[in-house]
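Number of protein chains: 2
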Amino acid sequence: MLMMSGLGMAREFFGLARQASTNADLVQALACVSSNMGFDYFALTHHVDFASAGHAAVRLHNYPDDWVAWFDARRLGVSDPVHRASQATSIGFTWQQVPELIRLTTNDRHVLQCARERGIGDGFTVPAHVPGEATGSCSFAVAPGRCVLVDILPLAQLAGAFAFEAARRINGMRSLNTHAPTLTERQRDCVLWMARGKTDWEIARILGLSQETVTQHLKQARERYDVPKRSVLAVRALFDGLISFSDIFRR
Amino acid sequence: MLMMSGLGMAREFFGLARQASTNADLVQALACVSSNMGFDYFALTHHVDFASAGHAAVRLHNYPDDWVAWFDARRLGVSDPVHRASQATSIGFTWQQVPELIRLTTNDRHVLQCARERGIGDGFTVPAHVPGEATGSCSFAVAPGRCVLVDILPLAQLAGAFAFEAARRINGMRSLNTHAPTLTERQRDCVLWMARGKTDWEIARILGLSQETVTQHLKQARERYDVPKRSVLAVRALFDGLISFSDIFRR
DNA sequence: CGGCCTATCCCCAGTTCTGGGGATTGGCTC
DNA sequence: GAGCCAATCCCCAGAACTGGGGATAGGCCG
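Order-wise, the sequence lines are chains R and L.
Counting from 1 along the first sequence, just add 10 to a position and that's the residue number in our numbering.
Counting from 1 along the second sequence, just add 10 to a position and that's the residue number in our numbering.
Hints in this document: simulated from the structure, not taken from any laboratory.
Glycine included, C-beta positions come from ideal geometry on N, C-alpha and C.
Where hints are given, some of them may not hold.
Computed, partial: chain L to chain R, Cβ under 10 Å [stated by the list, open to error]:
no., residue
1, Leu17
2, Ile101
3, Val140
4, Phe174
5, Thr192
6, Phe259
Restraint ranges, calculated between C-beta atoms of paired labels, are given here [unchecked claim]:
no., chain 1, residue 1, chain 2, residue 2, range
7, L, Gly25, R, Cys157, 12 to 22 Å
8, R, Pro154, L, Gly18, 28 to 38 Å
9, R, Trp211, L, Thr194, 26 to 36 Å
10, L, Asn117, R, Asp236, 27 to 37 Å
11, R, Gln230, L, Arg215, 26 to 36 Å
12, L, Ile216, R, Leu122, 42 to 52 Å
13, R, Ala79, L, Arg126, 41 to 51 Å
14, L, Ala190, R, Pro238, 40 to 50 Å
15, R, Thr225, L, Ala41, 31 to 41 Å
16, R, Arg196, L, Leu114, 42 to 52 Å
17, L, Ser31, R, Arg156, 52 to 62 Å
To list a few chain R residues with every Cβ distance to chain L over 10 Å, as calculated [as the list claims (entries may be wrong)]:
no., residue
18, Arg21
19, Phe24
20, Ser45
21, Asp50
22, Asn72
23, Val121
24, Gly182
25, Met204
26, Arg215
27, Thr225
28, Phe255
Produce the complete structure using the sequences and hints provided.
Set out below in structure tokens:
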């Protein structure tokens, strides 16, 4: 299996990923490299609900059919604990590390148990986030009872990253790269204090403005994002990196 | 220089990055690995304007001082063309590839030219984006007249990714609060729909409850988090991974 | 110079959220 | 059986947000 050096395998996979012109090409390349790395399954996916997502979402995998049916029936594309964990890190992680990344609910533990019952054991997930696009990841999994080969994880990191980028290219993500709204400096200030839980009156005191001005700035920020409520405005600005969790939580 | 296998070097750097407990440790590790890969400089940075950024933004580099002074005087942290290009891809790219990723303005070409005049030639940038945090990247550069070694780029991809993640950890970007409150399933449902911008009345219709019940669930969720406003409740639940960006943005 | 953008301030009415109180039912644990 | 928790429903008053309108001033660009 591993008769080629690690970086040589990465370079070969990179070449295959670059040459792939269809999703089927990419599936073939991923099946080959995941097997060579000692994994039983792979899944490259955007974190969307595939029952309602448009054609722009990507999902390429060789998971067992009954796991996929179960997954989709519960719309787990958006709430699966592995997907949620991948939104908290910039590099890959084994599924045993998920509790270090997010808090697991009772329902989450149930999902992980059902995956195990349907043939999915441990795995390794490489997050891939491009600002303005749906978050996604490329995962490699082993069957229950088998172990993830730790020494191979740097290679899996590279394979996951290259595969995701190839999928973006093949599926025309780049040309769909829409521009996130921009906020003025003042709008952003107000959004940040709002996200920190302050009222307009408090923000006005903090920034030395009138309360009505704060209201206006937040209204204009909502209009730029075309959202009806401040809660979703805060979330959107967070997702775009205009404000960050660190900004919000610092004293 | 390259007396160790590629993946061996990646594993060694990964080990150093994991052991690093200060930014200085990480700078030392980066200086060593970038030199071993044939680069003259490295720069790991959040894409923010450092003149106005909060304390949480990271910038670790060994660039020439006069380039940095020039960069900061023009507040290029946000608008630098390499930074902008890194927001259009999920894997690393050489700087020669920047025009394939973004449209270069006249000002951009001027920036790249001035970099060259101040000792920075070609380079390779690894994007790193985590939703809810400022976008960032880790770059490796060569002096003018020198070439980026193409065969080393998979290793640079790994080094950049591992370094960025180590910087996130060292600088406390994200630490899972193991004592965070738990929400009941129903509270979580209501928080999710609130974060999606729905009113209590709308959520009540969606979930088949009375409006007052929705109000109660959200109030109890706020009380568990001890926050005064729904905006910060949404942010906190996001941070803890109880709800996800994907779930909020789905149709 | 006109138009656009940003920043700032004001007004109004109606909707939505917030704090506070009340209650019942069912399930689980000691 | 008592106590606790989750889920559900109701009431009240006031604070805060939302949509809509008005305005001025300064800076920038064609």
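Taking the closest Cβ pair, is Phe174 of chain L under 10 Å from chain R?
holds, 6 Å
Distance rule for Asp50 of chain R, whose beta carbon must clear each one in chain L by more than 10 Å:
holds, 22 Å
Could you check if Thr192 of chain L really has its C-beta closer than 10 Å to a C-beta on chain R?
For Thr192 of chain L, the interface hint holds, since the closest Cβ of chain R sits about 7 Å away, which is under 10 Å.
Given Val140 of chain L was flagged as interface, is its beta-carbon under 10 Å from a beta-carbon of chain R?
holds, 5 Å
Could you tell me whether the CB distance from Ile216 of chain L to Leu122 of chain R stays inside 42 to 52 Å?
This hint is violated: roughly 27 Å between Cβ atoms.
Is the claim that Asn72 of chain R lies outside the interface with chain L correct, judged by CB distances over 10 Å?
holds, 22 Å
At a threshold of 10 Å, is the proposed contact between Phe259 of chain L and chain R supported by beta-carbon distances?
Holds: closest Cβ of chain R sits about 7 Å from Phe259 of chain L, inside 10 Å.
Using Cβ atoms and 10 Å as the threshold, tell me whether Arg21 of chain R really stays out of contact range of chain L.
violated, 6 Å
Against the range 31 to 41 Å, how does the distance between the Cβ atoms of Thr225 of chain R and Ala41 of chain L compare: consistent or not?
violated, 50 Å
Would you say the C-beta atoms of Gln230 of chain R and Arg215 of chain L sit inside 26 to 36 Å of each other?
holds, 29 Å
Can we confirm that no CB of chain L comes within 10 Å of the CB of Phe24 of chain R?
violated, 7 Å
Beyond 10 Å from each Cβ of chain L, as asserted for Ser45 of chain R
The claim stands: Ser45 of chain R keeps its Cβ more than 10 Å from every Cβ of chain L (closest is about 18 Å).
In summary, the structure is inconsistent with hints 12, 13, 14, 15, 16, 17, 18, 19, 25 and 28 from the numbered list given earlier, while agreeing with the others.
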